[in-house]
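Enquirer: Okay, here's what each chain looks like letter by letter:
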Amino acid sequence: MRWRAYHTPATIEEALALLSRYEGAAQLVAGGTDLILDVQQGNHATPQALIDVTTIRGLDAIREEGGWIVIGAATTHAALESSPLIRSYGTALAESCSVVGGPQVRNVATIGGNVAHALPAADGTIGLLALDAEVQICTWNGVGVECAWQPLLSIFAGPGKNRLAINQMIGAFRFPMRAERTGSAFDRIMRPQGVALPILGVAAQVTLDESSERATAVTIALGPAGPIPFRATESETILLDAPRLDEAAIEAAVVAAQRQAELRTSKHRASKEYRHEMVAVLLRRVLPKAIERAQSRSRFV
Amino acid sequence: MPTLTMTVNGVQHTLDVPAGRFLSEVLRYDLKLTGVKIGCNEAECGACTVLVNGRSVDSCIFPALKAQGAEVLTIEGLADTWRKQQSASASVHLHENGDQGAELETLHPLQEAFVRYGATQCGFCTPGFIMQAKTLLDANLDPGDEEIKHCLKDTYCRCTGYASIINAVKAAAEKMRTGQMPEPSLPEHVEPLHYVGQPLPRPDAIDKVTGRALYADDYWFEGMLYGATLRSEHPHARILSIDASAAEALPGVWCVLTQKDVPGALRHGLVEADWPVFAGGDYAARYVGDPIALVVAETDELAHDALKLIRVEYEVLPAVTDPVTARRPDAPVLHPDRPDGNLLKHIKVRHGDIEAGFAAADVIVERTYRTPMTEHAFLEPECSIGVPAGWNDPCFGYHDKLTVYVGSQIPYADRDQVARCLGLPKEAVRIKGTVMGGGFGGKEDIAGQIHAALAAQVTGRPVKILYTREESLRFHPKRHPTIIRIKTGAKRDGTITAVEAELYGDSGAYASLGEKVMTRATTHATGPYVVGSAKIDCYAMYTNNAPCGAFRGFGVTQSAFAVESNMDIVAEALGMDPIEFRRKNAMRVGAVTATGQVLRESVGLLTCLEKVEKAIQEWWLEREQEGRGVGVEKGECASPSDRLSSSLFAPLRVGNKVYAWGVAAGYKNTGLGGGAPDKSEAEIEVFPNGCAEIRTSSAEMGQNLIGVLAACTAEELGLPIRNVRVLVMDTDLTPDGGPTTASRQTYLSGNAARLAARAMRERLQGVVAEKFDVPPEVIAFHEGLAYVDEARLAAVRGETQGAQKGSRHLLQHLRPAISRSRSLPFAEAVKLLIEEGRSPKLRYEYWAPKTQPLGTGGDMHFAFSYAVHAALVSIDTETGEVTVERVVSAHDVGRAINPLSLLGQIEGGIVMGLGNALTEHYIVENGVPWTRHLGQYKMPGIKHAPQMCNFIVEDPTAEGPYGAKGVGEISSIPISPAITNAIYNAVGVRCLALPVDQDALLLAMKRGERELDRRWGDPPIDSPTSR
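Protein chains in written order, with the working numbering: chain S, 1 to 301; chain W, 1 to 1027.
Extracted from the complex, chain S is given alone in its bound form (with noise of 0.2 Å):
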């Protein structure tokens, strides 16, 4: 059985209105390489009907504004991953939209979709954690909508559950446009057999003082390290309070997620063991990478 109707709307009003009359029989869809997947495979229930967010105006953009980049949630991984403006203030997410899946499903499936679906290890997701991004939630009141900016992390409420409403939708994202002495990276580690999810996804943004030894501001993202995407606080203190940026910070930002990440085994994907591993060895891959590109970027700006 497929959905019945399949809605295109222009505009967000349009999106949630249809969505709240549903009632919850309906479902937003975006790229929906993750959503029709699930109904095919029977992991989600059928919805009565699709609402097709891509064809909302403007949804899909990129742009600067007032000191934030502002990245639509229809926005295609493909679209992230060639933007220059994402290329350069935001690397990781540049680099995390790049590696997923092949380029026929990074040209439909979008960043929303990936934040959406919740899942703790989704490549975008963990690469818009690190920039410290916010979320903007529009909300249906019955006459209009309203929308409102969010930390990222409050939006995920397990693994494969988000905290929108129905009457909500995600509307853009958008992170702090740090020009200088910022810089930030994402890697991963994959294994060849089984299903296409990272065993362990990092990413990290540094911004550098004047000296360019010392961090001002760190940001850390990993996963799967719980059960919503992660962000290794205490490493990234760890790292604030460094006097240099050097190896033994790094080390000690490593110990320091490594006991805090909440990892597990999962079935056929990567022991809980290999995983600790996989987190010293993502962020000591990760962070001087990071850390290189904030450098040059003084040297430069």
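Since the hints were derived computationally from the structure, they do not count as laboratory data. Ideal Cβ positions, reconstructed from N, Cα and C, are used throughout, including at glycine. Just so you know, not all the hints are guaranteed correct.
Lysine to aspartate or glutamate pairs mimicking DMTMM-like chemistry, simulated, CA-CA at most 20 Å apart [unchecked claim]:
#, chain 1, residue 1, chain 2, residue 2
1, S, K161, S, E262
2, S, K272, W, D1018
3, S, K289, W, E878
4, S, K267, W, D1018
5, W, K153, S, E81
6, W, K401, W, D730
So, partial list: chain W residues that the calculated Cβ filter (under 10 Å) puts toward chain S [unchecked claim]:
#, residue
7, E626
8, E920
9, P940
10, K943
11, Q947
Mind docking chain W on chain S? Use the hints.
Expert: What follows is chain W alone, placed relative to chain S:
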């Protein structure tokens, strides 16, 4: 219903589509653009790739209504679009190459390159590849390997091993840049004849790159119904009752068929008829996937929906899900009517005095190895269409008998099994082959053929049964998982004195070809070596897992992993170089195998070893001379001093990676062997228009048998190859070529075609000789002319002596001097033949040399192919990730009939074997498949494709066509142990089980463990309940 308006290949379409329809369905089923293939329906394989507004999408999960107002481009529109772009632009470069040249020039360069480079084999993935590659060339006309791999990352091919695809994309780009397409480079091979030995593009290549080729699901018949199969949910259960009333009541459902509707035999099977057409009654369901009922309805969707309304009452029986338990006396029994409990077959090899052998050994190594259940993952899921007798279709004509359209490896066996189960004489059934999207052994058993025929018979309508990918995974026989304990003894000088082995093969629920497969595993369990003594016991067991049967390598893939791993362990214990140790014991002419066969000819193993050894030496030399590191392509460098010893197999450390080579050898029989009568029959017909047609039922599944048959026929008849048509896989029009299995068709059907053509040539020689009043043997044929060969005539008349030893050679390579008065066109020769009342048609039944059953001594097989593979792997010591960087191979195939296709078989086999070592495992847990979707079964993708350097060794076998023997299987056999041997050489961890798990490998490295029995797919140790 919503209205969809879109432009497809430049033509605007407006049509009403259900809201839930996908773009692939609209394109394929509504617009009949069947070049859009559906391989998985889960955005995994890329076969359905089309361009929407210039961007590639997987159309199988792309809602059709998303394409509202869009421009869609499919493979069918590609050449046209290209021509329109080009018409304004300058010169057209014409190639004189083969016979497809003219049409090739009208295609998009990617299409042309895929033809010329052999980048299309079964062709099912080809449209997706070409469309996806187009998006790369649209932006970049000089892509490198990495860019090509990035672009084609999630587009899968199971035949080519990707090397030819990468080369084709580059060649197309070059043509788009320069106007010239470079020629593909091929391994050295012996001087070709006119056609034999020529790297000709496959005859069906253009159909495959344009989307014209019709696979079974591309056929529609008027009034066609659709079947869907209800399958057992339990590994072992008696069917107590089936209530299909609700399903039957659904409007549009025609009937629900169960066992009671089967008019003839209730069971089928290639070797033993133990597999129920429908489980029920006396026959319990014996694995998850056994068919219970078939719904026939007006649409495919309706048929599948109706399945959910059928209520089955099961009595769940205890299941046995591993072969060792299955052999215990208290194990639940699957087939109570069999004499030996769950034992399908105990297979034995006894050779020499095993005790004396081990007593004489200085080193004894014993290990137990495990190989995984693996899946063929041909890109085209099974599809059968039954058409009732008397059905007249406006497109496909009148069907005088019950006909099944199917892509099958054994059409005659299908015919016989359909007839038997329907209670019909064999002659009342016809199997008509369609283009086939890969087989690899997985399309030998019955899939939907009997069901489709039965449904057509019952409803009086054509009925199509297309398996979903999930169903295909669940249903068809797999590669046997095995447990192999092997003990090898050798003297200090390296002589192998004894091999003792015990093999357990999980044959699953039904016999399929299990007994034959495990026999091959057993008889090949000494490896391609002379061994002083051998004692090998194999237990092929029934279990409640998926049936296991034929899969490229046919058991030898499994035993070779154990044998070749042990070989390296013994060599190390002896302090010998692995190649030297193999050379010392290698089979050679005059050697006796463990089954008592004397090898009298065509044993090219030593040459293979030599070529591979030399290539590895050169690789090291190059690095030493140029000071280049292994990873130089990746911008990494290491100095040669990083090499840790002088051995070819020494590890080399570059950054966090360690590189090392590993080697393994293998051999594989050609043909059925073991005393089975082995024959192929071909029919040839010549026509007064100067053409010939060669016919045999043998299967074309992507390997280019049709090209081989065309070359043999054209060669013998001296006809231009474009004048030779090949017809295969039709039980009414083509004689029985036997099963397409056991690497046998080049040899068997190649010989049948060659000898049929030769017999026809002799017939033609007779009539032409009469016309010119010369002896028949002086009539020769060349490029469509029959003529008096004056040199030969002179020789016959004794006029010239020692006549020109070289004349035969000259005839083959130079255009002979042909006198106009003493020659006539081939067409005229055929007319003469017909005028004389002689038949322009004849059949040749070719019988391969007789073989002996195992245990009787003598020739168990009439030919063996040999191969040596070496793999250069890199291991990331921080993550345990294993990458196969390079592969060097040498294959003794007797003779390369078509070096281009041969290379395709080699490259494809190697990458498939790489999957067996590193990526593939069809996981079944307590009889229930964990692997349900293609997304859970990763065959190697283009990113796994190593650089390959392949040598062809042609040590001819006298009886083979032009010296040829098989290659289909040997190419995938030694690579798995070559990879694990390389892993050991790199990091000192011996992998005893496949596929290698980077997680367990890393932890073993960290803990300093030398042997690793865990593999990917084994249950997690620390928390069995985790997600």
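Enquirer: Can you give the numbers of the hints that this structure goes against, from lowest to highest?
Expert: 7, 11
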